[in-house]
Every structure is written in C-alpha cells, then in structure tokens.
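With the sequences and hints as input, model every part of the structure.
Here's the letter readout for the chains.
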Amino acid sequence: MNLYLYKNLLDKRYLDKTLGLTQLSNMSAQLLDNTSYTDPTFEVSYSPIWKWCNYVYSSDLERYYYVNNVEAATGNRLLIHCHVDVLMSYKDQILPKMIVVKRSSNKGNYYLDDEKFKAYAMPNKRVLTFGHPSVRGFYTTTANSQFLLGIVGRNPDQPEQEE
Amino acid sequence: MAYRQTTLYSETFGNLTCCSFIYKYYIGSDLQYSYSEGISETNTVINMQAVNYQLQLRQIIPQEYITALSTHFADLQNPTIQTYIEFCKEHMYFIWGSWEKGGLYCRKYSNNRIIFGVMTGLCQYTSGSFDGQYFFGLHEDTVNALSATECKQIAIGFYGDQPTTDVIPWIYIIYKPELSNIATYYIDTNSLLAAVYNTTSENATVEAALNNYMWTDDAELSWNIPPFEFNAKPVQIWDGCGVARIYTTLPTGSIIISGSWDGGAIVTDAPAGGSSIPGGGDGKYPNSNTPVGFSDPTGGVDAINSGLVTIYNPSKTALQQFSKFLFSDITEAMSDALKKLIVSPYDYILYLALIRFPVPVEQYGSTIQFCGLDSLVGSNLVSQQFINIGTYNVYIPNDTETFMDFNPYSKATIYLPYIGYKELDIDDIRGCVCSLQYHVDLLNGSCVAELSVKRDRRVIGGNADNGLNNVLYNWSGNLFEFIPISAADYRSFLSAGISAIGAGVSTLAGALTNNPAALTGALNLAGSALSAKQNVQKSTGSSTSYGYMGNQFPYIILERPIISKPAREMYSYEDEFGIPSNCFYKVEELEGYIEAEFDTLYGNDINGLDDEINEIKELFNTGVYIS
Chain A
1 MNLYLYKNLL DKRYLDKTLG LTQLSNMSAQ LLDNTSYTDP TFEVSYSPIW
51 KWCNYVYSSD LERYYYVNNV EAATGNRLLI HCHVDVLMSY KDQILPKMIV
101 VKRSSNKGNY YLDDEKFKAY AMPNKRVLTF GHPSVRGFYT TTANSQFLLG
151 IVGRNPDQPE QEE
Chain B
1 MAYRQTTLYS ETFGNLTCCS FIYKYYIGSD LQYSYSEGIS ETNTVINMQA
51 VNYQLQLRQI IPQEYITALS THFADLQNPT IQTYIEFCKE HMYFIWGSWE
101 KGGLYCRKYS NNRIIFGVMT GLCQYTSGSF DGQYFFGLHE DTVNALSATE
151 CKQIAIGFYG DQPTTDVIPW IYIIYKPELS NIATYYIDTN SLLAAVYNTT
201 SENATVEAAL NNYMWTDDAE LSWNIPPFEF NAKPVQIWDG CGVARIYTTL
251 PTGSIIISGS WDGGAIVTDA PAGGSSIPGG GDGKYPNSNT PVGFSDPTGG
301 VDAINSGLVT IYNPSKTALQ QFSKFLFSDI TEAMSDALKK LIVSPYDYIL
351 YLALIRFPVP VEQYGSTIQF CGLDSLVGSN LVSQQFINIG TYNVYIPNDT
401 ETFMDFNPYS KATIYLPYIG YKELDIDDIR GCVCSLQYHV DLLNGSCVAE
451 LSVKRDRRVI GGNADNGLNN VLYNWSGNLF EFIPISAADY RSFLSAGISA
501 IGAGVSTLAG ALTNNPAALT GALNLAGSAL SAKQNVQKST GSSTSYGYMG
551 NQFPYIILER PIISKPAREM YSYEDEFGIP SNCFYKVEEL EGYIEAEFDT
601 LYGNDINGLD DEINEIKELF NTGVYIS
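Keeping their order, the protein sequence lines are chains A and B.
Under the numbering used here, the first residue of the first sequence carries the number 1, and numbering increases by one thereafter.
Under the numbering used here, the first residue of the second sequence carries the number 1, and numbering increases by one thereafter.
Because the hints were derived from the structure by calculation, they are not lab data.
Remember, it's a predicted structure, so these values are computed and weren't measured experimentally.
Note that beta-carbon positions come from the ideal geometry of N, C-alpha and C, so glycine has one too.
A hint or two may mislead.
[Stated by the list, open to error] Once the Cα atoms are required to be at most 20 Å apart in a straight line, the calculated DMTMM-like pairs of lysine to aspartate or glutamate come out as:
| id | chain 1 | residue 1 | chain 2 | residue 2 |
| --- | --- | --- | --- | --- |
| 1 | B | Lys617 | A | Asp16 |
| 2 | A | Lys125 | B | Glu559 |
| 3 | A | Lys91 | A | Asp157 |
| 4 | A | Lys91 | B | Glu615 |
| 5 | B | Lys617 | A | Asp39 |
| 6 | B | Lys565 | B | Asp575 |
| 7 | A | Lys91 | B | Asp610 |
| 8 | A | Lys91 | A | Asp39 |
| 9 | B | Lys422 | B | Glu559 |
| 10 | A | Lys116 | B | Glu574 |
| 11 | A | Lys91 | A | Asp16 |
| 12 | A | Lys91 | B | Glu559 |
| 13 | A | Lys91 | B | Glu618 |
| 14 | A | Lys118 | B | Asp599 |
[Said to hold, decoys possible] Selected chain B positions facing chain A (Cβ under 10 Å, derived; list incomplete):
| id | residue |
| --- | --- |
| 15 | Ile355 |
| 16 | Pro580 |
| 17 | Tyr593 |
| 18 | Ala596 |
What follows is the structure, encoded as structure tokens:
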C-alpha cells in the first residue's frame, strides 16, 4: 500500500489539519500482521525522511494517521507505529452533523453559568445613589429640619372633610 | 433582535455650525425608522462632547425648583433663582432615557449663558403603549409646568405639550442668554434635532445621545446642505413637527455618533440554532406579569379629619412661644379652664417630633389651639395624616453582561434612611430601574418604604417576558425624632433607644453567616470568591433617633466579582476555551473552539469503525477546534 508522508504542525484537536500539513513524500508500505486499522504498524524501507514525518495518509485504508513511534527493524527496515486521526479521516462526514454545543467560541451565551471563569479574591464594590425625589424628599441637611406637634383636639381652621 | 445603547458623541466644528442628526432605529437587521434633519445655528459654535452617560448620575430636579424656574427664570437677581440655576448647571444631564429609565436634559453653556431644560419622566411600558407617564418641561411661557402626553415608542422620552401632542412629541428648553433676548431651544425628540435661534456668538454646548437599549449603536450626525442660502439672516422654517429651524450657509461634512453605552442591558436573543428547552415540556411558560405599583395611603379619611387630633408644623419661635403659653402667663380664666379639663397639660400633647422632610400644610397663619384655648401662637397646620416621600429612582446596569451579574456572584445592599441596610436580591434589580417611595403616618412617624422594580421586556432562550413593574420589597421604620416633653416620656424614649442597640447586638453574631453554598459543582474560583464570603451586618437598624442622625438619601451598594481572563494579542479567552452555549448547531456552522455534549453527534452514518466513532464523540466532548 501507498503511504503519503506529512509533517503536521497543528494540534491534534483540530478537525481539519489541511492548513497545517506539509507533504514530504510518499512511499510504499506493508501493514504488519496483527495490527488494526485504528492502530496500525507499517513496515517501510529505511529513509531519513522519517526524521521529520509525524503524519501519514494511507490511500488504501482511506485514513489519516498520527505517527506515534518509529522503530528500527532488521533488513534496513522501519516499523511505523500509528494511531488513526479520526477527526481528519472523517472530516467531511462530521461537518454536516448536528451537535448540542456545550461550549463555543462564536456561538456562546455569557449569561449561562461558566465554571471556567475565574475571579479575583477582591470584589468590585460600588455605590449607586438614588436621584433626587420627584415630589418630596428627605432634607439632606438638618438646616431644614422642622417640628411636628401633635395636640389632642380640633383646630377650627382645619377644613372639614366632605362626606 | 439585538438592542444596544449608543453613546454621546461630540465634535467641535467651525464657527458656523450646522448639524443634523440622522438616526436609525433597527430591530434586528430591519431598519424601522430613519430620520435626518439639518439645522444650523447662526454664529454659534456647537461643541459636542463625548460623554458616557451614567444613568446612576441622573438627577431629578426638585419640583420646587422647576416650579420656580418655569415662571421666574428671567429673575436672575433673585438669589433663590440663582441657586436653582446653579444647581442645574452643576449637573450634566442628557436627554435620553428609555421610557422606563426616564432621564433628564440639561445643557451647559459657558458661565454667561444659561440654558437648561429639565425633563424627567418615568413611565411604564406595556405592550407598546405607555401608561402613567409623567413628564414635564420648562417653558418660557408655561402656565402648567407639568404636562403629560402620550408618546410613541421611541428612544427619547421627553416631550412638551405644544404645539402638537398627538403626533410627534417635542420639547422646549428655555434659553436665557446674557442679553435680554429669549431664545427657545427645541429638541425634536424624534430626530435628535436641535435648533437654536436668536442666539449670539457665544459658544454653546450641545449634548445629545441615544440612550435606549432599543437602539443600535450607530447614529450619524451629518451636515445637510439646504437648497438655499441666506446672508446670515435667520429664517425660521417650521416643519411638520412644529420645530423651528434656521438655515444659513452650511458647511459640508459629517461626523458619526457611535459607540457603546455603559448603563443599559444588552438584550440578545438566543443564538440562531435554537435554544435549550428548560425541562418539563408541557408547561405553557406564562409570561404575564401583573404590575404592582406603590401603595398610596394618602387622600382618605385620617386622624386629622377626625377632629380629635391636630398636627401642627410650628417654627422654632412658635414652639418657644407655645411653651411660654403653657407654663407662664396663665390667666385666672385659663387656670379655671385647665383645672376643669385636665390634670396635666401633657395629657393633651400627643407628641413633639423633629423631622427632616417637608409636610403638606393646609393653611398658613393658624394658631395652636390647646384645650379649647387659643394660644395665639401661629403655626401651620398639617393637612393630612398620610403622605408619600419620594419617588427616588436609580438604574442598576448589567456590569459585566455575564452570568456574574447575578446570584450568587453579585450582591446588592440598599441603604434606606430611617431603616438601615437591607439585603436585596441582585437578580431582582439587575437591568432595572429601582424606584423607592416612603409612605408615612404623620400621627406617629411610622413609615413603609416600598421598592418598585421596573425593566423592559427581556428575551431569554427564545422566550420573551413582559418586563417587570412591581413593588418587590417593603420595609418599615419610623421617621420621627421624638422629643420627650416629660420625665416619663424621656424614660421610655431612652429605653426604646437602648432596646434598639440591644437588638442590634443580639443579631450581630447571627449575621455573620455565609451565603448559601455555591451551586454544586460550579465555579471554580469565581464561585468561591464571592459566594462563600461572609455577610456582615452593616447596621443595627435605624429606629427612633438613629434615622434622624443617619444619611438622608438612599443608595444601593453593588458588589460583583472582578473577572480574570487571560488575554494577549491574537489570543482571547473565548477562542481558547469557548463560552457556554447549549444550542443545536451543525459542526460546519461553528468556528474556533467547541465542545459538544457527549454523544450528541447525531447520525449513525459516519462510515467508520465503532472505536473510531466513539473516539470522535470523546474528542468533541473534550474539545476540538473548527478552523
């Protein structure tokens, strides 16, 4: 089978690594016995290019792989231990999928509780004063204080309330 | 639909000023209303200063100021008028406010120019109509300084009562230049239009802003060249709005008013893609809200009308004279009458108290009647037993516009004169106008303080409520500083004071309690930073005389976390960690960092091995980057 060799600079969590891939070469390889499609080991001829290669694509398996390790083998051969990159391999099938988004860079809501927010120990404290009253308010200085004197009995000047 | 507030913007331009306002009102991306107008000011420089309008600084001019100024604004020799004018000049207000927030306008000129316009309003907003609005403005020829007119649903909530009240509201502002000319400054409330005529060449400062969360950010201020020119001779053109404008030679140019506003909630709908369904599923999610306004104990039958009790409002001199009447210069006739009627004069004196608020008085020039005897001591008569004090208003903005504005991360405490510090539920008041009113019984000084909370409708998770307009809190207290007039009085007075202190001490220990525990599993340092902090009782209450000696203005103390987010050029917290979402989206609709709820990668048609599909779901749950 044919292997396409790449140097990948992007984090494994990127769905589409195209922009981070630099193709190095391609070569034929053999899939070792007793290895799986998800964790294959390929046997290839020795080449110094494997010093830089950390990512491969198998056209036969139609999958992208991370190169976990390169091991020397007899007969001037190398064993390439890989693990499937499920995101890149199934990118086109994943993109149209509907998900319930838990966190998002561009579709989030700040009013949902977020346990990842951190805060300083010292809070912000501020005072908001009410505005002046619209009709009648307290005197802010005692210069305007008044007396009230309650006395039993009626004052003849007090108007009588109508029924 | 997104609502934002705009900010005041200003720019100085030339000696010949001309400006027009163009503003646009959007709902979502749909332009609802666009208006532009061009004006000029003859030989007047307009300086437009960019200011962030803080709603909490909004001041309401006392009614007595407005009443006096509306008719005596020209009487600059009157020290009282000067005082009132200086008060207005000290404060910079802006014309904008939402219907709920109200607002004020005051334009400050250089010292030899006085112009002020005071409008205040706070009304309720219900389904696009407006009820209970109270607005008033100053008019140069006003008879009635209070005018209430129904207005359209626009950002500017101020209006006058002339010339038309049924179409487009507008308002006058009195302009009193140094010279005797009186100019009237019009603000067209639909268009942010300002026109001044009969002005001089002094600098004038114009502030205007869009302050309403219903508006978009952008308001364009640009020149509009009229089709004709005049040789600096003012020509008044009245438009259909009843606004006078003067056109002379107009320069070209434009400036843009834009920016963001600190002082209003930003209300956003749930992102496209739907909202989460909050459980249950069969509920109807009713949103109706019954407004509960202030109570009003005034106006009915009271002790004063009973004829058995009279409350006087004597001056200090009158009180001294009355004391002399009681205890000296007693004639034989008085002595006989007193012996028949009473054992002790104190039996007929209900109370003597000091107060720090105005009371309504019925009649000037009455005299104190005691046991049927006329003391001949002049005093005002209090005309009603129950009065209202207030209404005090303040707007509580969303500080961070995140979940940290609310419980349990933020806290609010209110200080109430004569009552003390009380805890508020921050969830109740965020993004709301808080209105405070006291109802007082002048027979014994007891009071009820009611706090009403008002806010506009809010759209959350695809559901719109109908806003809030309710009294949510009330507290009781006493507004009198009782003055003991006998030894027995004094003993009970002292005892009450000691009890109040004791009550404070006994509850102090219990007041050092923790807040309820933070939400289970939540919050990191954010949760522990504030929610675990202790509540400390801030006062021992304000009973008896403590209220008299305390602050006489209410205020609210807000406490919130200071968020710590890593930030660096080219990097942002949101890009690296995302923020909570809880919505349905296709992967291809997303950008940057995402996490998916586990096993929600719907669809079984990914042509992969089982282990591979599980790994895909695991990766989406722990976080992936969509480039």
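The hints, checked one at a time:
no.: 1; hint: B:Lys617 - A:Asp16; in the structure: holds, 16 Å
no.: 2; hint: A:Lys125 - B:Glu559; in the structure: holds, 4 Å
no.: 3; hint: A:Lys91 - A:Asp157; in the structure: violated, 92 Å
no.: 4; hint: A:Lys91 - B:Glu615; in the structure: holds, 13 Å
no.: 5; hint: B:Lys617 - A:Asp39; in the structure: holds, 18 Å
no.: 6; hint: B:Lys565 - B:Asp575; in the structure: holds, 12 Å
no.: 7; hint: A:Lys91 - B:Asp610; in the structure: holds, 16 Å
no.: 8; hint: A:Lys91 - A:Asp39; in the structure: holds, 19 Å
no.: 9; hint: B:Lys422 - B:Glu559; in the structure: holds, 14 Å
no.: 10; hint: A:Lys116 - B:Glu574; in the structure: holds, 11 Å
no.: 11; hint: A:Lys91 - A:Asp16; in the structure: holds, 7 Å
no.: 12; hint: A:Lys91 - B:Glu559; in the structure: violated, 47 Å
no.: 13; hint: A:Lys91 - B:Glu618; in the structure: holds, 15 Å
no.: 14; hint: A:Lys118 - B:Asp599; in the structure: violated, 28 Å
no.: 15; hint: Ile355; in the structure: holds, 5 Å
no.: 16; hint: Pro580; in the structure: holds, 4 Å
no.: 17; hint: Tyr593; in the structure: holds, 5 Å
no.: 18; hint: Ala596; in the structure: holds, 4 Å
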